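For reference, the chains in residue letters:
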Amino acid sequence: MKIENTKAQMRKGVLEYCILSILESDEAYPSEIIDKLKEGKLIVVEGTLYPLLTRLKNAGLLKYRWEESKSGPPRKYYSLTEVGIEFLKELEITWNELMNAVNLTRKKNTK
Amino acid sequence: MNKTVTANISGVVFHIEADAYEKLHQYLNTIKNYFRDSDGTDEIMADIEARIAELFKEKLGTGRDVITMEHVQQVIEIMGEPVAYMDEESDEEYNSGHGSYRNERAQQTSFSSRKLYRDEDDNVLGGVCSGLGYYFGIERIWLRIGFLVAVFGFGTGFLLYLILWAIIPKAKTTSEKLEMKGEPINVENIGNTIKDEFNNFKKKVDSTGAQQYAKRTESAVMRFFIFLGNVLKFFFKFLGKVIGVAFMMAAVAGLVTLIVFLFSGPFDMTINNANFNHFWTTDISQMYFTSNNMFYLGLTGLVIVTVIPLLGIFYGGEKLLFDIPSSNRTINFSAISLLVIGMILISISATTTLSDYSMEQRKTETIDLTELQGDTIYLESIGNTYSAYRGGPEDVFIENDEIFMDEVEVDIVKSKSDQYELRMRKSAHGRSRKLAGLRAENIMIDFEQEGQYLRVSPLLSVPFTDRVRDQEVKISIGMPVGTTVYLTESANDIIYDIENETNMYDARMIGHFWKMTEVDGLVCTDCVKSDYRSGRVPKRLLHPELEGLENLEALIGTDKIIEIKELKGLETLKELEKLSELEQLQELKKLGEIFKDEDLKNLELKIKSNGSEISINL
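First to last, the protein sequences are chains A and B. Residues in the first sequence are numbered from 1 upward in steps of one, following our numbering. Residues in the second sequence are numbered from 1001 upward in steps of one, following our numbering.
Treat the hints with care, since some could be wrong.
Computed far set for chain A versus chain B, every beta-carbon distance over 10 Å [to be verified]:
(1) 45
(2) 46
(3) 77
(4) 79
(5) 97
(6) 103
Listed next, the stretches of chain A that the computed footprint assigns to chain B, with coverage defined by at least 3 CB atoms under 8 Å from CB atoms of chain B [to be verified]:
(7) 16-25
(8) 61-73
If you're looking for bench data, these hints aren't it; they were derived computationally from the structure. Here the structure is a predicted model, which means the values were calculated and not measured. We put the CB at the ideal spot given by N, CA and C, even for glycine.
With the rest of the complex left out, here is chain A:
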């Protein structure tokens, strides 16, 4: 059992939740999402984000629109769909439950 392995799995679980959270307030294009994720040290390299976004979009949780960019090719601005908003709500509940569970467990053990 390697620590890196466990970490990666935990990260993977919350990554989708985080992306949806970032898009909850406002639409964003990948670079912006990456910057925010990098702040939280959730991802290190950008390449990993694109497959994830595509998967969420294909699952109907995200939609995007094109916007011309002055530096380079047009950008995709992602936002949540109705399904995505519902999905996020579910995840928030699950997340809070999980947090409570983890905190509870940790407190018990430290007593």
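Chain A is already provided as a structure; the job is to place chain B on it using the hints.
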């Protein structure tokens, strides 16, 4: 200076240095390969390319026009190696059993340490050498040869191999194979390895397809025969390898022999105090070859003609041992060409040299041996010099710029006059008769006459420049009738096929006095019966009473059964014995006794001698 290519990335045109382009292209391909099976590959790739284009645009904002390797590397750093994609994107299969190496991968972007496995994809036996080769970064052929050599060191190689075979694990999984080869474990390499394996598998399926079909459809009997076939196949494969080893050993032995030969010379021709240089550069070439160049030409040809087939045998053995299937046409062609060249060199050298043997010329002279005194002479060889060389088998050697040869033959014949005389015939070979004649005249041979002693050298000598060209000297010593010669011990070195009364061999004639007679030629005057071979004893020793008799008649009753004139030797009596009805008739005296037998009362032997007649009544 660097070549630049133009690339359209996500609708934006960039100038990229060629090597940078290559790197980027490879990078994108790797990623694409990885997402091959997931949904929306094109979209992901489009997104990634768009981002890359954006990043390039940012970088070029500083005023540079061309994307360099450095830019590409920075972008790859930002976007992440394909390895990283897997980290985040990985599915259950990656989390189940491969977590450990995944972590190693994270630390080892450039993987350099290797692990020791057996490589059964490229094996002769257990793939030990192949695996060791990867581990130590050595060409596996050298390891194989090393083990093979060690097998002949009391089998240590064999034992060591078995042990290694047993303890080194086989590289089974893809990642193990990559670890073995020391290649970084990333998507691209795993992809390549899997592709290779798939191809191998496909080949196997193709080749065993028939077998599998048979397995499905045929009976157990069929399966048994297939099994038997496989056992036989293995056996022949093994046999092939054994033969291969034998070939290689034979070739090595041949090469070693050749080298020993080249550096020491043929053993039976080594000469006192001769070293390598002396032998090869001086003796052989100056004794036999027309010129030194011809000698080296021939030697070079000989070495080529010997080495090429040996190498061929070695190569063939190697092919058998390591299952190398096809032969290299270039190598074959060069080998055959070299062989032909070698043969040409040999034939040039040989014909040039041999043509100098083509003609023979003889020179004959007769010398009166006036200084010999008395009726009895003693024949000796001038033995001191020669004896020093005897004991070695050599019969040709060089000394003081002269070539000495053991080619002297001495015969003893009846003199044509009433004096001792010596007839000498010198002969030699050459390109022309004239040259052969010159060589014959150049032959030097020592003989001396002193009182009762005649001494002849067993060796002739010729000048260096004449080479060895079949020079020989035949000496005939003419003896007047009534004179006697004593053959001393040393004469054994020189006499050859001397005719005598009973055709006694030369060596048996030594140590006896031989008298020249008119009728019988040389007759031994001091030999006793035991000196002759059985059946060859002269009649004068067996039947002294018959000495001088010339006619013989044998009568039984009044019937004359034989009449022989000029009775000579024992042979005639033997004829008589055959014609006689008596079983054994060996001596005349015994004859008398036998004839007393009652049944043969009237037998009578009549011997006539020069008119007078001796009758023996029995």
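Going down the list of hints, with the structure as the test:
Its beta-carbon lying about 2 Å from the closest one in chain B, residue 45(A) breaks the requirement of being farther than 10 Å from that chain. With a minimum CB-CB distance of about 5 Å to chain B, residue 46(A) fails to clear the 10 Å threshold, and the non-interface call is violated. No Cβ of chain B comes within 10 Å of the Cβ of residue 77(A); the nearest lies about 13 Å off, and the non-interface call holds. Against the 10 Å criterion, residue 79(A) stays outside the reach of chain B, whose nearest CB is about 16 Å from its own CB.
Under the 10 Å C-beta cut-off, the non-interface status given to residue 97(A) relative to chain B holds; the minimum distance is some 23 Å. Every CB of chain B lies more than 10 Å from the CB of residue 103(A), the least distance being 26 Å, so the non-interface label holds. For the stretch 16-25 of chain A, the stated coverage by chain B is not satisfied: 0 residues place a CB nearer than 8 Å to a CB of that chain, which falls below the threshold of 3. Under the rule that three or more residues need a Cβ within less than 8 Å of chain B, the assignment of the stretch 61-73 of chain A holds, with 4 such residues.
Comparing the model with each earlier hint shows violations of hints 1, 2, 7; every other hint is respected.
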